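Novice: Listed below, chain by chain, are the residues.
Number of protein chains: 2
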Amino acid sequence: MIPDEPTHAVVRTAVPGPASEALRARHGRYQDARTVHVYQDARKSRGNYLVDVDGNVLLDVYTHIACVPLGYNHPDLLKSWHDGRFDWAAGFRPALGVAPPPEYVDLVEHTLMRIAPAGMSHVVTVTTGTEAVENALKAAFIAFMRRRRGGAPPTPEDLAACLLNRQAGTAALKVVSFEGGFHGRTLGSLSATRSKPVHKLDFPAFDWPVVPFPASRFPLDAHADTNREAEARSLEAVEAALRAGDVAALIVEPIQGEGGDRHASADFFRALRRLTSEHGCAFIVDEVQTGGGATGRWWAHEAWGLAEPPDLVTFSKKMQIGGYYCREVFHPAEPYRIFNTFLGDPLRTAQLGVVVEVVERDGLLDRVQRSGARLLAGLHGLTARHPEVFSAPRGVGTFAAIDVCDASTRDRVLFAARQIGLEAGGSGDRSIRFRPALVLADRHVDECLDLLERAAVSLP
Amino acid sequence: MIPDEPTHAVVRTAVPGPASEALRARHGRYQDARTVHVYQDARKSRGNYLVDVDGNVLLDVYTHIACVPLGYNHPDLLKSWHDGRFDWAAGFRPALGVAPPPEYVDLVEHTLMRIAPAGMSHVVTVTTGTEAVENALKAAFIAFMRRRRGGAPPTPEDLAACLLNRQAGTAALKVVSFEGGFHGRTLGSLSATRSKPVHKLDFPAFDWPVVPFPASRFPLDAHADTNREAEARSLEAVEAALRAGDVAALIVEPIQGEGGDRHASADFFRALRRLTSEHGCAFIVDEVQTGGGATGRWWAHEAWGLAEPPDLVTFSKKMQIGGYYCREVFHPAEPYRIFNTFLGDPLRTAQLGVVVEVVERDGLLDRVQRSGARLLAGLHGLTARHPEVFSAPRGVGTFAAIDVCDASTRDRVLFAARQIGLEAGGSGDRSIRFRPALVLADRHVDECLDLLERAAVSLP
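Sequence order for the protein chains is P and W.
Sequential numbering from 55 applies to the first sequence in our numbering.
Sequential numbering from 55 applies to the second sequence in our numbering.
Bound conformation, chain P alone (with noise of 0.2 Å):
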């Protein structure tokens, strides 16, 4: 399907490399180059391969913290900015919401709008996924402070107080989100994480309740028993934050993606829609990391069957820009609630333009829920083999992951891996995850369960 994707990975040196370290050096100078896995030789990484500067190639199946969806350098990709179709992006960058340009507008009718969730009727972008959250919440507070208030518009105190950070009643407004959770770092969707200290510690946070996700063991069908216990008590945490009033918006996202891949059943996230209705609370369904593709489905809430939509849908990564989308009464009344200067990027939007043209004619999304399938039976086989180090595999399409059994152990094998050619990533205190590009095949899979029984077995 990609012409000239190698056919498998190859390691030349250590990874990272000398030349990896080396830029590394000169990067750590000016911006922090700590956190950087290998630097990448943009040019000549195709498809499910990352090229490292060192000539390593890697079987990728961690893509940017899964922000990849066709894989390196698509041909289709590279084709439509050959052939000039982004040009119009070319030589300035806009601000979206003073004068956009037609092809904007195209953008967001037959690109956005066309892969939107059922029942949404608005889509705002922005630029990254704690934007796409952070302006959420804000259209929550909106729609929540107008339902109060009755249709009436704001009194002169609350226009006096609201600059002074002492508006009534806002101050008191609440979101719920989960422990594991995790939607973003600045400071408003920062207060709705809750996977790890490293994302919170020193930063004053809103005073917004967290509850417990179930601890769901896996499969989850094994398990349902219990697992709906668990269910069942997070469910009582819930109603019981919501109960006491104040709460604007709760937040979840389908799978856990930086708190351990954790899974709850569609009963579960139905019930959640039921709770939110009842007590007049936002229902956000986070997807910056489920959403465009990965489960097979464009959406993962789309798999549990709601009767009643989520009220707002947040996107970014594999959508190459961020938003969110959401039912007609999220959207605000007045102009200018919800704005800012850039209002996310035409020339991101463009390319997306041309994933979802490949994703359907491609048939992308099947691909994934059958090279998911064969991923978890790897996985499972994979456990059977290892079980001093492998347990609970779990994944909806190619979104999946599998624990090791300390953290010590897990970031050992990632680092052995990567000395053979997979680059996966970590996620949580002890899972590895796999976010692959949309265009995995079968053999990227099986290669992927090569490596990480190899990697798996060389440990001492």
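None of these hints come from the bench; they were simulated from the model.
Be aware that one or more of the hints could be misleading.
Pairs involving identical chains hold if they fit within one copy or between any two copies, as the list cannot separate such chains.
Claimed, not checked - As a list, the in silico SDA-like pairs of lysine to any residue whose alpha-carbon atoms are at most 20 Å apart:
no., residue 1, residue 2
1, K133, A144
2, K98, V410
3, K250, R220
4, K250, D261
5, K98, G109
6, K133, E356
7, K98, E356
8, K250, P386
9, K98, H277
10, K250, L329
11, K98, R66
12, K98, P57
13, K133, E332
Just so you know, these numbers come straight off a predicted model, no measurement behind them.
Put chain W on the given structure of chain P with help from the hints.
Specialist: Below, chain W alone, put in the same frame as chain P:
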């Protein structure tokens, strides 16, 4: 300088015209299109002239809220695009903290650090202005808490409490900002924003103190004594806020860009630097709107003659990406404290590389100073001829403004100006702001002044 730039504005229809309104009707089904001035023909726009979809040619001194450094479709930007200079950034959007390409390291070193303000050792790249401010605030909180702990690691209690949004001592941390200041619209930066209720109504905010910005009279020199008193009162309030303790940062714009183009003297800003140093509080200069050359220097604060540099300097808009520069001590000791998925956008940064080259090659900062002087002289003339309409002309470089007698007249002048071919913007309650590209030449200044005067005298 820009070969095929129009020679003057040409208006064929009402502005916005029927083609813009038809697009607004389509666009408004999915997004908030009420804020759109006109829909822009991105390909036909050239230099200082915005061409809209009705074929109107507008002299643009607003430039997408100050975001277009070289005007529209500058030949060097287009040539770089077509010559393949950006091709390495064409095939995917990377997570720059995970696997950056070496071209990005070059851009950091040769573009971003080349124009770094004196005293700044590091640069953090993000995507927008509000993310720039959020992360600068986080760097300030980290430094403050590190000092407070005396270098000791956080306690297990701190680590547990931060996940509950209840870390002892941290909730009380504050950021001081100024009345009329604008620093962004996500919940952290928005807590420092104090410009208008439309930005803040209904949103929870941190209980941070606000201090008065000096109500300077213009020209600053002619009212030095009065202004000095206003500045002294403001500084007293600042000192009282800092004395109250727990202040991690003070944030200020060199010129209040949304809040009405309010200026203060270099003495005032030098005093802010001294006070923040004395009280161990980070001094954040927010150059999102002033940075990137509009004041005739890369950074407006360079005009202050500071004895000690700022601690952090934020940018976005003309810089094409968001971010901040900082001093060594504000670079976190641990990795992943300041981090997100995209950490900017290499494509927009590569375009900034061309912008910086052109600004230097063509001496655009000098040109901005000359054009700015001509603009300011012209605004003084306008004020002298129409004192019943205009007052308080002011500006540094081409970052200029003029007051109109009242808000409604200001809005009518802007509307009338657009009908005859001038795209300008409002700021504060009753100011008109000028935020042209750096390629504004004498003839554009003269045309701008002529159109503005014709608009003003045309009012019934």
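Novice: All the hints need checking, so say for each whether the structure fits it.
Specialist: Comparing the hints with the structure gives:
no.: 1; hint: K133 - A144; in the structure: both (16 Å within a copy, 10 Å between copies)
no.: 2; hint: K98 - V410; in the structure: neither (24 Å within a copy, 28 Å between copies)
no.: 3; hint: K250 - R220; in the structure: between (30 Å within a copy, 14 Å between copies)
no.: 4; hint: K250 - D261; in the structure: within (17 Å within a copy, 25 Å between copies)
no.: 5; hint: K98 - G109; in the structure: within (9 Å within a copy, 43 Å between copies)
no.: 6; hint: K133 - E356; in the structure: neither (32 Å within a copy, 44 Å between copies)
no.: 7; hint: K98 - E356; in the structure: neither (36 Å within a copy, 42 Å between copies)
no.: 8; hint: K250 - P386; in the structure: between (33 Å within a copy, 17 Å between copies)
no.: 9; hint: K98 - H277; in the structure: neither (45 Å within a copy, 62 Å between copies)
no.: 10; hint: K250 - L329; in the structure: neither (27 Å within a copy, 35 Å between copies)
no.: 11; hint: K98 - R66; in the structure: within (15 Å within a copy, 49 Å between copies)
no.: 12; hint: K98 - P57; in the structure: within (13 Å within a copy, 37 Å between copies)
no.: 13; hint: K133 - E332; in the structure: neither (50 Å within a copy, 58 Å between copies)
Violation of the numbered hints given earlier is confined to hints 2, 6, 7, 9, 10, 13; the remaining hints are satisfied by the structure.
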